[in-house]
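> Please model the entire structure based on the sequences and the hints provided.
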Amino acid sequence: CAAAAAAGAHDDVVLDSLVKPSLPIKDAVERVHGIKASDLDGVAFTLAHAQAALAQLCSDRTVLIGHAVANDLEALRFRHGCIVDTSVAYGVVGAAAGVAPSLRDVAAAVLPPAQDAVNKSATHDSRVDARTAALCAYHLIGGTETLPKAVARRKHAREERSLFAHRIPAGVDDATLKAAVERTTGVALAADATIARGDAYGKCALVFKSPLHAQLAFDTLAGPAEEDTSGRPQKKIYLDDGGGSGKRPYCKVRPF
Numbered sequence: 001c002a003a004a005a006a007a008g009a010h011d012d013v014v015l016d017s018l019v020k021p022s023l024p025i026k027d028a029v030e031r032v033h034g035i036k037a038s039d040l041d042g043v044a045f046t047l048a049h050a051q052a053a054l055a056q057l058c059s060d061r062t063v064l065i066g067h068a069v070a071n072d073l074e075a076l077r078f079r080h081g082c083i084v085d086t087s088v089a090y091g092v093v094g095a096a097a098g099v100a101p102s103l104r105d106v107a108a109a110v111l112p113p114a115q116d117a118v119n120k121s122a123t124h125d126s127r128v129d130a131r132t133a134a135l136c137a138y139h140l141i142g143g144t145e146t147l148p149k150a151v152a153r154r155k156h157a158r159e160e161r162s163l164f165a166h167r168i169p170a171g172v173d174d175a176t177l178k179a180a181v182e183r184t185t186g187v188a189l190a191a192d193a194t195i196a197r198g199d200a201y202g203k204c205a206l207v208f209k210s211p212l213h214a215q216l217a218f219d220t221l222a223g224p225a226e227e228d229t230s231g232r233p234q235k236k237i238y239l240d241d242g243g244g245s246g247k248r249p250y251c252k253v254r255p256f
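Per the working numbering, the very first residue in the sequence shown carries number 1; after that it's consecutive.
Keep in mind that the hints were calculated from the coordinates and are not lab data. Note that this is a predicted model, so its numbers are computed, not measured. Think of the CB as a built atom: it goes at the ideal place given N, C-alpha and C, for glycine as much as any other residue. Treat the hints with caution; some may be incorrect.
[As the list claims (entries may be wrong)] Computed spacing ranges between beta-carbons, pair by pair: (1) P112 x C82: 26 to 32 Å; (2) I83 x G223: 29 to 35 Å; (3) E74 x R158: 36 to 42 Å; (4) L57 x I25: 46 to 52 Å; (5) S59 x A170: 24 to 30 Å; (6) S210 x A68: 25 to 31 Å; (7) A109 x D60: 30 to 36 Å; (8) F256 x V14: 20 to 26 Å; (9) A68 x A170: 50 to 56 Å; (10) A190 x N119: 24 to 30 Å.
Written as structure tokens, this is what we have:
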């Protein structure tokens with residue numbers, strides 16, 4: 001089992017989720033991270049979801065900070081070129097070259113006790129690790145003891161956290177569409193789907209918890225995106241298995 005967590009530049013948690021294992025776990029090492037097998041019951045967030053979320057969060061100018069972060073990126077199968085790794089930036093006094101210190105040792109050496117949360121916990125906490133690595137990195141570039149204050153966040157318009165579904169076939173009701181979206185993407189809708197009917201097809205807004213959830217849902221849809229008539233990317237969501245006929249009903253989905 002694994003936990004994915006990331007903190008933004010203003011100390012806000014932008015990603016924090018358990019990740020559903022793709023293979024059976026032989027040794028869960030619960031003693032290290034404190035995650036129990038029962039904690040994974042009902043977890044639908046997969047490696048593909050984590051990859052899509054990171055791709056949405058990161059640009060080529062985003063600096064990823066972590067401790068032994070190369071191991072995390074390898075596990076996520078995610079490539080990124082702008083990294084600050086505190087396991088490389090700090091060394092161990094008297095040790096041979098290449099020997100990496102633990103995050104706990106680095107934090108104890110450079111952070112004031114009030115900020116050294118990682119040494120106050122008996123198990124790993126991915127959110128604490130993310131914040132602690134950032135503070136240790138900031139220490140190297142000027143001894144900053146606190147993260148910048150968070151700015152007030154603008155409320156997102158409904159469209160920014162929605163996808164637009166159209167060409168919904170006749171006979172597909174609201175519940176069927178909602179179930180198909182959540183089954184296909186693994187991302188829950190924040191409101192019921194309400195289909196507006198036209199002459200032959202229906203359309204509706206698929207509202208998610210946040211813009212990140214909406215983009216994550218779109219990114220995790222299988223298949224390449226095709227451009228609509230206005231040049232916006234859109235993908236298909238198949239609504240059922242077609243009853244074995246080979247003709248699967250679908251609708252098209254795109255960001256607003």
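> All hints are to be evaluated individually against the structure, with a verdict given for each.
Hints versus structure:
| no. | hint | in the structure |
| --- | --- | --- |
| 1 | P112 x C82: 26 to 32 Å | holds, 28 Å |
| 2 | I83 x G223: 29 to 35 Å | holds, 31 Å |
| 3 | E74 x R158: 36 to 42 Å | holds, 38 Å |
| 4 | L57 x I25: 46 to 52 Å | violated, 27 Å |
| 5 | S59 x A170: 24 to 30 Å | violated, 42 Å |
| 6 | S210 x A68: 25 to 31 Å | holds, 29 Å |
| 7 | A109 x D60: 30 to 36 Å | holds, 32 Å |
| 8 | F256 x V14: 20 to 26 Å | holds, 21 Å |
| 9 | A68 x A170: 50 to 56 Å | holds, 54 Å |
| 10 | A190 x N119: 24 to 30 Å | violated, 38 Å |
In summary, the numbered hints that this structure violates are 4, 5, 10.
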